[in-house]
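Asker: Given next are the chains, with one letter for each unit.
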Amino acid sequence: MQEKLIQIEQEPPRGDWRDPHVEFHKGAMCYSAAAKNLTYLGLPNPRTWQPTDSNWKLPPDWKKIILAGMKERLKKYRSFRLFMDICVRCGACADKCQFYLGSADPKNMPVARAELMRSIYRRYFTLTGRIFGSLAGGRELTEDVIKEWYSYYYQCTECRRCSVYCPYGIDTAEITMMGRELLTLIGCNINWVMEPVANCYRTGNHLGIQPHGFKDSIDFAANEASEITGLKIEAPINRKGAEVLFVMPSADYFATPHYYTLLGYLMLFHQIGLDYTVSAYASEGGNFGFFASHELMKRLNAKIYDEAKRLGVKWILGGECGHMWRVLHQYMDTMNGPADFLEVPVSPFTGTVFENARSTKMVHICEFTADLIHHGKLKLDPSRNDHWRVTYHDSCNPARGMGLLEEPRYILHQVSRRFHEMPENTIREQTFCCGSGAGLGTDENLEVRLRGGFPRANAVRYVKQKHGVNLLTCICAIDKATLPTLLEYWVPGVEVGGVHELVGNALVMTGEKERTTDLRGEPLASAALPASGEMEAVHA
Amino acid sequence: MSALYSLLAVLALVAAGLEGGRTGAGRDALTLIVPYAAFTIFLAGFCVRVLRWAWAPVPFHIPTTCGQQKSLPWIRQAKVDNPSSKWGVLARMAAEILLFRSLFRNNRARMAEKRLILGESKFLWLGALAFHWALLLILLRHLRLFIQPVPAWVNGLERLDGFLQIGAPQLYISDVILLAALAYLLYRRFRDPAVRYISLFTDYFALFLLLAIAVSGVLMRYFVRVDVLSVKQFALSLAAFRPVDLRALSPLFLAHLLLVCTLAAYLPFSKLMHMGGIFLSPTRNLANDSRRKRHINPWNYPVKKHTYAEWEEEFHDKLVAAGIPLEDEDAGKAHTD
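Respectively, the protein sequence lines represent chains A and B. With my numbering as the guide, the letters of the first sequence map in order to residues 1 to 540. With my numbering as the guide, the letters of the second sequence map in order to residues 1 to 337.
Possibly wrong hints are sitting among the right ones.
[Stated by the list, open to error] Coverage of chain A stretches by chain B, computed from C-beta distances (three or more under 8 Å per stretch; other residues unrestricted):
no. : region
1   : 42 to 49
2   : 105 to 114
3   : 126 to 138
4   : 170 to 181
5   : 204 to 211
6   : 300 to 306
7   : 355 to 367
[What the hints assert, rightly or not] Here chain B is said to cover these stretches of chain A; the calculated rule only asks that three of the stretch's residues, wherever they fall, bring their Cβ under 8 Å from a Cβ of chain B:
no. : region
8   : 92 to 99
9   : 151 to 164
10  : 422 to 430
Just so you know, the hints here were simulated from the structure itself, not pulled from any lab data. The C-beta atom is built at its ideal place from N, Cα and C for all residues, glycine as well.
Given only the sequences and the hints, what does the whole structure look like? Please build it.
Answerer: Here it is as structure tokens:
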């Protein structure tokens with residue numbers, strides 16, 4: 001069945017990349033952003049159009065706008081200017097991109113994706129390009145180039161895998177971000193990015209859930225956690241004076257399998273007695289603004305510090321999410337800091353000072369939990385996860401934009417007894433993307449996603465066949481939303497879950513009733529499995 | 001096509017060098033005007049390019065982290081691949097610049113029976129590293145032509161380079177390595193379909209130019225002997241800004257000189273500027289400490305926000321109905337009354 005749908009082939013690239021013509025076809029493209037979303041955000045050129053239209057209704061002076069936009073960004077970002085200049089086209093990045101591996105479309109090689117922009121840069125901003133034109137690698141900026149940019153800058157998940165291998169650290173994410181910013185200037189956005197941005201700007205979260213809906217979801221989860229454990233678990237909302245503000249991606253309280261991770265958080269916080277609150281105003285940790293422009297990223301991100309200040313908390317704890325953590329780790333303090341109204345984060349249970357978050361004052365839940373476990377503050381029964389054979393997918397941004405590699409692994413080793421790593425060059429900083437990040441995770445784009453996700457699925461298939469792995473854990477909301485589809489297609493029989501879902505399963509809580517099911521309501525396998533024996537090879 | 005054009009361009013340069021010395025005016029141009037012009041363009045161009053990068057700010061802290069971060073004290077940090085201190089960054093940059101650390105990670109992906117296989121692939125790393133180190137060694141060896149007396153360390157380098165003691169004149173290993181590495185890089189550019197697809201005129205031009213320089217140099221040393229004394233006299237006079245016209249300079253030397261001058265003058269306008277750019281790459285030369293220390297964006301500007309007050313006003317009734325606390329509790333009560 002699957003062979004008929006998509007054939008992954010590798011064939012030598014043909015043709016000339018300088019020809020900008022692109023065919024858009026349904027199933028392998030993202031729809032344009034609805035006018036209402038651009039209007040709400042005050043962005044240029046809101047209109048009704050689709051990429052398949054021949055007339056994209058660009059503003060009359062679109063070329064001037066793009067060139068002026070490039071000029072401005074070349075002055076403002078060293079990364080942009082440098083990455084336009086120093087590529088030697090060695091091709092080390094070519095077969096590192098999951099979209100190239102999955103599609104065999106040569107313009108999906110990171111170097112080619114960047115050349116789409118570099119050729120314009122050379123033609124209009126360098127002496128040799130202005131004089132020698134195409135001989136110096138220059139290209140004319142035409143409407144076809146804009147369409148090509150739209151196609152290829154929305155076939156990149158800004159995962160930065162290529163930048164790990166580049167001898168100069170050229171980061172295609174930077175180039176894609178610039179490409180998308182420039183496209184934003186003339187209103188060429190995709191709806192899967194702009195609708196969440198508009199929603200988040202208005203209601204506080206990507207899904208557009210209004211405060212009462214937010215409360216319903218959180219209460220529902222708290223009730224379910226209470227039912228599972230027989231304890232009275234509550235989750236305070238907008239509570240002033242709490243010690244910690246907890247921020248998570250909105251999918252955690254509105255989608256599965258994220259939801260089980262939320263149950264895990266709530267149970268953990270209850271068990272340790274964390275003095276915390278969630279916020280209905282800052283009810284989104286993720287940041288789709290990041291996928292359109294630096295300015296939109298800042299506009300959405302601002303609410304986290306603003307809310308922390310308003311509620312008077314001491315520090316902020318962040319849930320499992322990928323690009324959310326890239327923004328929090330590398331951008332938030334610079335954009336919306338300094339957070340001098342907060343205190344340096346200290347774990348109230350272990351006394352650990354999170355020195356690495358001294359300025360930003362925001363701690364990753366995996367850092368927090370790993371610290372708790374290391375200090376023996378949690379009683380864990382890993383046998384409650386024995387029905388899972390677990391592997392761990394390093395989500396791109398925490399891996400390559402942060403280096404959060406061992407904390408989740410440490411937790412997983414403590415809460416499960418059957419853990420198997422995927423092959424070395426597909427994990428940690430070399431991890432493959434799910435193929436749906438950076439706003440591409442929409443169903444209309446399914447072919448691109450399945451192709452881009454193939455290398456990841458390929459590695460999952462390996463551990464499934466070798467070790468019988470049936471659960472892929474990860475710490476990213478987009479992973480959790482899109483990997484189930486991907487695995488159903490490529491590796492049926494492997495589920496997707498969060499690290500704190502397994503924490504919730506294994507957590508022995510004071511006064512809890514005996515658990516017979518896991519957080520998903522599936523029966524536990526602990527009775528069936530011997531306590532030791534086949535475990536020795538597992539943690540290799 | 002671009003490969004052919006660039007080969008023709010380099011051959012034209014070689015021909016100009018070989019033939020240019022036949023007339024007096026041509027000799028003057030090749031031995032006086034071209035070297036100084038090329039040197040000036042190189043210096044000025046190189047500085048301008050580097051300064052333009054340096055003047056552009058680094059608004060955000062964007063290192064690509066390639067190992068474990070520094071977080072909890074009991075978790076072992078990858079101090080070089082994910083540095084958190086200046087020393088770590090220094091080590092990371094040294095590894096990049098001297099050993100091509102990132103290129104060393106290279107692997108090769110291929111499909112086999114509907115599976116993706118990731119295999120070892122170190123040849124690009126080896127070829128690139130061999131080329132760059134050999135070139136550096138050769139450049140340093142050339143200092144013997146520009147400095148009198150020849151510094152002891154240059155003589156030492158020569159002895160090291162010629163330690164195989166094969167032939168007379170002694171064979172330099174760096175010459176062999178340089179030619180082999182260049183040949184491999186060129187072969188790869190032709191042979192690898194992905195690399196050929198993205199290769200531009202400038203990519204081939206740089207390779208052919210370097211190859212022509214290397215070949216002409218090797219010819220002069222091992223096969224068509226030139227009068228080294230007059231070459232040195234010429235080089236010293238250039239370096240001292242007292243150029244002398246020397247009839248003894250052979251056409252082959254003039255071609256070599258013209259090619260080198262072309263390379264120097266071309267460098268600031270080309271991708272070869274990566275030699276300066278690598279030092280400034282913000283994904284490599286920043287410590288991963290953006291949560292510990294605040295990175296400043298010099299052009300950070302205020303943006304339009306949807307404030308809590310606006311949000312509360314918009315959803316006021318729903319907040320009250322859901323029992324979510326308001327900013328001002330009394331105002332909430334008054335409203336429900």
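Asker: Would you mind marking each hint as holding or not holding in the structure?
Answerer: Evaluated hints:
Counting residues of the region 42 to 49 of chain A whose beta carbon lies closer than 8 Å to any beta carbon of chain B gives 1, which falls short of the minimum of three for the stated coverage. Closer than 8 Å: that is the beta-carbon criterion, and the region 105 to 114 of chain A has 4 residues meeting it against chain B, so the requirement of 3 holds. With a cut-off of 8 Å between beta carbons, the region 126 to 138 of chain A has 6 residues touching chain B; three or more are needed, and the interface restraint holds. Requiring three or more residues with a Cβ within less than 8 Å of a Cβ of chain B, the coverage given for the region 170 to 181 of chain A holds, as 3 such residues are present.
Only residues whose C-beta sits within less than 8 Å of a C-beta in chain B count toward coverage, and the region 204 to 211 of chain A has 3 of them, enough to reach three; the restraint holds. Evaluation of the coverage hint for the region 300 to 306 of chain A: fulfilled, as 3 residues show C-beta separations to chain B shorter than 8 Å, against a requirement of three. Counting residues of the region 355 to 367 of chain A whose C-beta lies closer than 8 Å to any C-beta of chain B gives 8; at least three are required, and the coverage claim holds. Counting residues of the region 92 to 99 of chain A whose C-beta sits closer than 8 Å to any C-beta of chain B gives 4, which meets the bar of three, so the coverage hint holds.
Counting residues of the region 151 to 164 of chain A whose CB lies closer than 8 Å to any CB of chain B gives 3, which reaches the minimum of 3, so the coverage claim holds. Counting residues of the region 422 to 430 of chain A whose C-beta lies closer than 8 Å to any C-beta of chain B gives 6; at least three are required, and the coverage claim holds.
Of the numbered hints listed earlier, the single one contradicted by the structure is hint 1.
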